[in-house]
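K.L.:
Chains as they are written, first to last, in this note's numbering: chain E, 1 to 259; chain L, 1 to 174.
Don't take every hint at face value.
[Unchecked claim] No more than 27 Å apart at the CA atoms, straight line, and that leaves these computed lysine-lysine pairs for DSS-like:
| hint | chain 1 | residue 1 | chain 2 | residue 2 |
| --- | --- | --- | --- | --- |
| 1 | L | Lys11 | E | Lys88 |
| 2 | E | Lys88 | L | Lys135 |
| 3 | L | Lys135 | E | Lys217 |
[Stated by the list, open to error] Label pairs and their in silico Cβ distance ranges:
| hint | chain 1 | residue 1 | chain 2 | residue 2 | range |
| --- | --- | --- | --- | --- | --- |
| 4 | E | Gln145 | L | Arg174 | 57 to 67 Å |
| 5 | E | Glu139 | L | Glu5 | 36 to 46 Å |
| 6 | E | Gly54 | L | Val127 | 53 to 63 Å |
| 7 | L | Glu5 | E | Arg3 | 35 to 45 Å |
| 8 | E | Lys53 | L | Glu5 | 29 to 39 Å |
| 9 | E | Arg67 | L | Glu96 | 23 to 33 Å |
| 10 | E | Leu238 | L | Arg17 | 20 to 30 Å |
Quick caveat, the hints were computed from the structure, so don't treat them as lab data. Where a beta carbon is used, it is the ideal one built from N, C-alpha and C, also for glycine.
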Amino acid sequence: MTRVGYYPGCSLEGSAREYDESARAVCEALGVELVELEDWNCCGASAIPPPPKGKGLASRNLEIARRMGLEEMAVPCSACFLRLKEVKGDGVQIHHLLDFLSERTEEIASKVKRPLQGLKAAAYYGCLIVRPPEVTGAEHPENPQGMERILEAIGAEVVPWAFKTDCCGGSVAMGRKDIGERLVGRIVGMAKRAGAEVLVTCCPLCQYNLEVYQVQKEPVPCLYFTEAIGLAMGLGALRWFKRHLIDPEGVLREKGLLG
Amino acid sequence: MREEELLREIKDRYGVRVELCYQCLKCSYGCPAVFAMDHPPHQVVRAVALGMGEVMGWLSPWVCTSCRTCTTRCPNGIDIARVMEALREEAVPPEEAKEIALFHQAFTEEVRKRGRICELGLMGRYVLRSAPWRKGKEEVKGLLSLGWKMFRRGKISVLPSRVRRVKEVQEVIR
């Protein structure tokens with residue numbers, strides 16, 4: 001059994017609970033033991049940047065990880081991921097959960113019970129999992145491929161499109177709805193034009209913005225990549241989909257992927 | 001002038017080498033939020049390099065979504081997103097960005113209190129500050145309906161967790 005540290009971050013206890021639930025279920029099915037960081041604190045996200053010098057919010061989390069003897073840590077939220085990566089000269093290796101799992105596509109493929117055949121999916125990465133590449137270590141910051149590898153391994157049809165690393169508006173959308181709606185509208189519009197029936201995400205804030213600021217008729221449902229994997233592995237994904245603000249059940253049923 | 005002093009401080013403290021900019025405009029062409037800005041990113045960078053104090057009153061840093069596209073593409077390796085972040089830390093937000101700043105404040109207060117974000121607490125603090133009822137009934141209705149939808153789907157934790165040693169967290173927030 002692989003043992004890896006797990007820093008869920010605040011959203012995964014609330015608005016992104018289905019991301020947490022599906023991440024844990026998928027990792028368990030893959031024989032990966034997620035060890036939750038003890039007494040972890042908020043990473044600061046975009047509201048509390050690290051100070052120019054000295055200790056910031058992310059440093060405390062890394063100190064705890066070191067104390068727990070964790071060599072590696074998987075992080076599902078892209079903002080948390082970047083803030084942890086920004087801390088320099090630390091012994092703990094930080095991976096985004098997507099990168100961690102995209103290194104295990106063969107194991108994922110071997111556990112697929114019901115391939116997501118015929119489901120046209122657009123892989124949406126957003127910003128902070130890839131940018132800035134000096135910090136994230138992303139090999140192809142303008143055209144990442146990890147999520148596509150996973151989606152292909154679980155049998156989905158990946159649509160090529162140009163907006164996979166465009167910004168959803170982040171926390172600015174909270175105070176300026178108009179900015180959120182415009183950015184989300186463009187992303188969803190491009191995904192539709194590429195023929196996507198679902199958008200697949202890897203960040204709780206992207207998912208929230210895509211669901212809340214999508215004001216078009218016939219909205220495109222959004223799934224966390226871990227939910228897509230769990231669905232293909234037959235891990236009882238329906239309970240996660242019940243939590244969505246844009247219901248993905250319709251399109252999934254139409255494709256014969258549910259029930 | 002006070003703004004100019006602040007600007008010099010920011011330059012010294014954050015150590016971003018804005019003077020390397022040769023105005024290729026890559027940052028501004030790639031910026032997703034440029035449509036909402038009063039000055040595109042390349043002008044912000046130049047203004048900081050020239051020590052123009054008025055940049056402290058510009059809208060641009062506040063509507064910057066921190067997506068780091070500018071930082072990633074800058075041929076001179078200038079961390080433009082960091083410049084925006086630094087300006088937000090010190091500047092007073094203009095009217096069009098008031099709510100963005102209030103959200104940041106609510107966020108910081110919530111982390112100081114619990115060490116983590118409880119989204120219900122965060123939204124409560126934000127709503128009390130931004131007073132959406134002043135914008136009319138529709139705004140309030142929208143918020144309530146979203147809140148109710150999220151609650152029914154189990155997306156709102158009513159018994160939020162908190163950091164046990166919250167003092168350690170408070171020490172690192174200025």
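K.L.:
Below or equal to 27 Å on CA atoms is what counts here, so check Lys11 (chain L) against Lys88 (chain E).
P.N.:
holds (21 Å)
K.L.:
If you check the beta carbons of Gly54 (chain E) and Val127 (chain L), does the distance land in 53 to 63 Å?
P.N.:
At roughly 33 Å between Cβ atoms, Val127 (chain L) and Gly54 (chain E) fall outside 53 to 63 Å, so the hint is violated.
K.L.:
Look at the Cβ atoms of Leu238 (chain E) and Arg17 (chain L) and judge whether their distance stays inside 20 to 30 Å.
P.N.:
violated (53 Å)
K.L.:
With 57 to 67 Å as the target window, see if Gln145 (chain E) and Arg174 (chain L) comply at their CB atoms.
P.N.:
violated (40 Å)
K.L.:
Is the hinted range of 23 to 33 Å satisfied by the C-beta distance from Arg67 (chain E) to Glu96 (chain L)?
P.N.:
Given about 45 Å between the Cβ atoms, the range is violated.
K.L.:
Lying within 36 to 46 Å: is that true of the beta-carbon distance Glu139 (chain E) to Glu5 (chain L)?
P.N.:
The hinted range 36 to 46 Å holds for Glu139 (chain E) and Glu5 (chain L), with Cβ atoms some 42 Å apart.
K.L.:
Given a hint of 35 to 45 Å, does the C-beta separation of Glu5 (chain L) and Arg3 (chain E) actually sit inside it?
P.N.:
violated (52 Å)
K.L.:
Given the hinted pair Lys88 (chain E) and Lys135 (chain L), is their alpha-carbon gap at most 27 Å?
P.N.:
Given that 27 Å is the threshold and the Cα spacing comes to 44 Å, the pair is violated.
K.L.:
Look at the Cβ atoms of Lys53 (chain E) and Glu5 (chain L) and judge whether their distance stays inside 29 to 39 Å.
P.N.:
At roughly 20 Å between Cβ atoms, Glu5 (chain L) and Lys53 (chain E) fall outside 29 to 39 Å, so the hint is violated.
K.L.:
Need the status of pair Lys135 (chain L), Lys217 (chain E): alpha-carbon distance at most 27 Å?
P.N.:
holds (25 Å)
The structure fails hints 2, 4, 6, 7, 8, 9 and 10 (numbered hints given earlier, in ascending order).
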